[in-house]
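Engineer: From first to last, the protein sequence lines are chains V and P.
In terms of the numbering used here, the first sequence opens at residue 1 and continues consecutively.
In terms of the numbering used here, the second sequence opens at residue 1 and continues consecutively.
FYI, nobody ran anything at the bench for these hints, they're computed from the structure.
All values reported here derive from a predicted model rather than from experimental measurement.
Glycine included, each C-beta is placed from N, C-alpha and C at the ideal position.
Incorrect hints may have been included.
Beta-carbon label-pair distances, calculated as ranges [as the list claims (entries may be wrong)]:
#1 E228/V - S31/P: 47 to 55 Å
#2 A364/P - D186/V: 19 to 27 Å
#3 Q73/V - D441/P: 35 to 43 Å
#4 S129/V - S320/P: 46 to 54 Å
#5 A364/P - D190/V: 47 to 55 Å
#6 N317/P - Q73/V: 18 to 26 Å
#7 A53/V - Q357/P: 34 to 42 Å
#8 A442/P - G90/V: 16 to 24 Å
Restricting the straight-line Cα-Cα distance to at most 27 Å, the calculated cross-link-like pairs of lysine-lysine (DSS-like) are [claimed, not checked]:
#9 K259/V - K355/P
#10 K127/V - K430/P
#11 K355/P - K323/P
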Amino acid sequence: MNIRSVTATLFLAAGAIGTARAQQATFSSRIDAVRVDVLVTDANGPVSGLGPADFEIRDNGVLQQIDLVSFEQVPLNVVLALDMSDSVAGDRLDRLRAAGAAILGGLQSGDQAALVTFSHVVRLAAKLSADIGTVRTALARATGDGSTSLVDGVFMGMQVGASDAGRELLVVFSDGLDTASWLSADKVLDVAKRSDAVTYAISVRSHARPEFLRDVASFTGGRLFEVERTERLDSVFLQILQEFRQRYLISYMPRGVAKEGWHKLEVRARRGGTVKARPGYQS
Amino acid sequence: MKSLATALFFVATTLSARTPLDARGLDDPGSRVARIEWWLNATFEHDPGTPDTTVVDISGWSTADLEAFRIDLRVFVQLMRDPRLSSFKTPAKELDCIDCFAARRDVTQARLLVPERRIHYTDAQLHRLKVLACAAAGTVESVDCVGLHADREIAGGLRQLAARTTAARRGGDDSYVLRRAALLHTDVAMVTAHSLRPVDTSATDAEPSVRVHMVDGQAAGVGVGEIHWAIGRDLIDAIRPRPDAMARLWYVATSAWMQRDQQYDPGHLQRARELFPDDASIAFLSGTHAETFASPGIQSALKTAVLPTGLTLRMGNESSELKTAEAMLQRAVQIDPSFPEAHVHLGHVLLARGKPQAAVAELAAVGTPDPLLRYYADMFLGAAEEALSHPDAARAAYERAAALFPRAQSPLLALSALYARRSDRGGATKAIGSVFDLPQDAESRDDPWWRYTTVQGRNAGDLLDRLRAPFLHAAER
Chain V
1 MNIRSVTATL
11 FLAAGAIGTA
21 RAQQATFSSR
31 IDAVRVDVLV
41 TDANGPVSGL
51 GPADFEIRDN
61 GVLQQIDLVS
71 FEQVPLNVVL
81 ALDMSDSVAG
91 DRLDRLRAAG
101 AAILGGLQSG
111 DQAALVTFSH
121 VVRLAAKLSA
131 DIGTVRTALA
141 RATGDGSTSL
151 VDGVFMGMQV
161 GASDAGRELL
171 VVFSDGLDTA
181 SWLSADKVLD
191 VAKRSDAVTY
201 AISVRSHARP
211 EFLRDVASFT
221 GGRLFEVERT
231 ERLDSVFLQI
241 LQEFRQRYLI
251 SYMPRGVAKE
261 GWHKLEVRAR
271 RGGTVKARPG
281 YQS
Chain P
1 MKSLATALFF
11 VATTLSARTP
21 LDARGLDDPG
31 SRVARIEWWL
41 NATFEHDPGT
51 PDTTVVDISG
61 WSTADLEAFR
71 IDLRVFVQLM
81 RDPRLSSFKT
91 PAKELDCIDC
101 FAARRDVTQA
111 RLLVPERRIH
121 YTDAQLHRLK
131 VLACAAAGTV
141 ESVDCVGLHA
151 DREIAGGLRQ
161 LAARTTAARR
171 GGDDSYVLRR
181 AALLHTDVAM
191 VTAHSLRPVD
201 TSATDAEPSV
211 RVHMVDGQAA
221 GVGVGEIHWA
231 IGRDLIDAIR
241 PRPDAMARLW
251 YVATSAWMQR
261 DQQYDPGHLQ
271 RARELFPDDA
281 SIAFLSGTHA
291 ETFASPGIQS
301 ALKTAVLPTG
311 LTLRMGNESS
321 ELKTAEAMLQ
331 RAVQIDPSFP
341 EAHVHLGHVL
351 LARGKPQAAV
361 AELAAVGTPD
371 PLLRYYADMF
381 LGAAEEALSH
391 PDAARAAYER
401 AAALFPRAQS
411 PLLALSALYA
421 RRSDRGGATK
431 AIGSVFDLPQ
441 DAESRDDPWW
451 RYTTVQGRNA
461 GDLLDRLRAP
471 FLHAAER
């Protein structure tokens with residue numbers, strides 16, 4: 001879910017940024033903060049250097065006071081949720097491993113990573129850890145076999161970092177349709193509305209539309225990449241990481257809105273530019 | 001039969017050139033009559049369920065062989081009933097059947113129109129067919145067959161066959177050969193389930209068996225499959241009088257086998273329902289068939305299969321298949337209210353059709369100690385209670401399922417999602433932690449959800465054993 005206890009949020013903010021303003025110390029542990037991951041782009045690409053005054057955010061139409069905007073400095077929790085079903089084998093598996101290795105190679109000190117694989121079996125192949133080598137080893141050992149539990153795998157990916165206060169990027173790769181999940185797409189999309197994880201999905205183009213991946217990316221403020229081939233999968237993975245690092249993490253205390261239910265979010269950059277953020281959150 | 005099918009598939013592939021007779025078309029009736037004679041002997045020699053040379057040889061027949069054979073077989077069966085017949089033709093009909101095949105590969109057939117055809121034999125060929133028919137029917141001593149001098153014109157194995165069929169007829173069964181032959185072609189159909197030949201849509205004079213192979217929800221190939229199931233149905237259809245207990249068991253056992261091995265053939269069950277409209281097992285298997293067709297793994301065929309021009313999949317969308325499934329499963333529980341597995345599947349279908357209240361009522365009626373069925377019932381009950389906004393009842397149901405199969409991931413995922421949707425992060429984390437702790441290798445996991453679409457066929461082996469038992473050579477001696 002989007003709302004975390006401020007205690008947890010501040011713990012992260014103090015440790016990772018070190019530039020938190022004094023006013024944040026007035027937060028009470030009884031008050032919940034909302035975090036919104038935002039990408040601002042203009043004709044030249046991502047826009048950097050923006051502060052709280054440069055954003056306008058409305059929660060169910062009510063203008064909110066932004067307390068914190070962080071950029072780049074927040075360590076990432078990158079969770080890879082990779083399709084390891086029958087259809088991913090041979091060269092495609094090699095390319096997927098290489099793409100995963102590429103994104104792991106792009107992580108910085110303080111970042112953490114985890115690996116979830118899914119066929120019909122969902123596995124936490126490597127738990128969330130700053131020891132990236134462990135994740136890399138697990139990735140190298142992953143093999144393809146079985147049918148596809150895409151929805152289950154995405155849910156598991158969301159949960160891997162749910163109890164960690166870090167900023168989560170969920171990278172999902174699948175080349176097929178879901179054929180084996182227990183969980184329904186609707187339920188996991190409902191969970192996605194409550195999750196802080198931003199989902200970037202990569203789908204190999206086929207006759208079937210990747211509707212679930214498109215929806216989960218949209219609900220979390222991420223993006224879906226549809227690729228024709230997997231030869232350059234590594235560059236797509238790296239592009240995702242680079243884009244994610246260009247995002248702002250906005251935090252505010254919701255005021256003047258009901259606590260429960262769906263909150264429609266509208267985020268605007270006062271200086272202009274295209275803003276990409278989650279469309280809302282469920283509390 | 002699983003191991004037989006696997007082993008024989010390989011043998012049949014490597015020995016496909018060893019057909020007992022030259023592959024010749026309808027312009028060579030002499031060869032075709034000889035093939036019927038060879039087949040009749042082979043039918044008698046074959047031990048049902050055994051990977052013998054008969055199965056290997058027949059599995060190597062070409063498509064043209066099989067098409068011609070099926071026509072001759074229809075004539076032959078008519079002659080078994082009335083050796084005085086002298087004019088034959090195949091009726092025009094629209095064909096529509098769907099097959100599927102195993103190891104997560106599913107096969108779907110399309111429909112084509114087959115025109116009427118007249119069948120020609122020389123007098124000598126027709127005479128020989130009649131003599132063979134007399135032996136097969138156990139009627140060599142009948143007036144018509146005596147007039148044909150049938151008794152004098154058969155020897156060796158055929159004479160033994162005639163003695164056996166005559167004894168069976170005296171015992172009240174004049175369909176002995178038809179039964180054995182159906183079992184033979186059943187074995188060949190199982191062995192050749194994986195074969196696929198290029199589609200020739202111009203060949204409208206033959207019955208096609210167009211199939212779509214699927215791997216992991218994606219169409220992996222389109223081709224023509226074997227028609228041994230259709231031949232088996234022809235033979236079972238010819239058994240008299242109706243209804244026949246073996247015919248019923250044949251349909252139940254083979255349908256269960258098909259669903260267990262993911263080879264779906266709506267035409268198979270359609271014929272079964274026509275013959276046995278009040279049979280709970282056939283209604284049940286028809287329901288589970290439609291339920292499976294509504295599943296994502298099969299529905300994806302609609303999205304990913306690229307069929308040759310003129311062919312369409314004979315498969316409804318998810319909604320229509322679920323509607324069919326509900327009707328069939330309702331019929332099954334109406335015929336047999338104490339059919340727990342039918343209640344389980346009906347509960348699942350009702351849930352999928354957006355009727356959680358009805359699903360709860362149905363699943364509550366599942367009174368069985370079978371842990372497998374209880375697992376499914378609890379999982380579906382949990383989902384139905386969730387849909388009714390009864391989280392505590394849902395949690396209890398999922399927890400019961402988790403207790404039944406501790407190495408299953410689905411109940412734990414369901415619990416975690418249930419907590420997560422209630423914004424209970426602690427509960428969600430604890431439940432997902434249990435998934436993290438499950439064994440990494442698939443072999444050590446045990447989640448019945450993974451085999452839900454095939455579980456109704458889990459007794460196929462026992463059913464086939466029962467079906468074959470009276471015809472095993474050891475039993476007949």
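Engineer: Would you mind marking each hint as holding or not holding in the structure?
Structural biologist: Evaluation of the provided hints:
| no. | hint | in the structure |
| --- | --- | --- |
| 1 | E228/V - S31/P: 47 to 55 Å | 52 Å, holds |
| 2 | A364/P - D186/V: 19 to 27 Å | 24 Å, holds |
| 3 | Q73/V - D441/P: 35 to 43 Å | 40 Å, holds |
| 4 | S129/V - S320/P: 46 to 54 Å | 48 Å, holds |
| 5 | A364/P - D190/V: 47 to 55 Å | 26 Å, violated |
| 6 | N317/P - Q73/V: 18 to 26 Å | 50 Å, violated |
| 7 | A53/V - Q357/P: 34 to 42 Å | 53 Å, violated |
| 8 | A442/P - G90/V: 16 to 24 Å | 19 Å, holds |
| 9 | K259/V - K355/P | 31 Å, violated |
| 10 | K127/V - K430/P | 15 Å, holds |
| 11 | K355/P - K323/P | 12 Å, holds |
Violated hints, listed in ascending order, are 5, 6, 7 and 9; each of the other numbered hints is respected by the structure.
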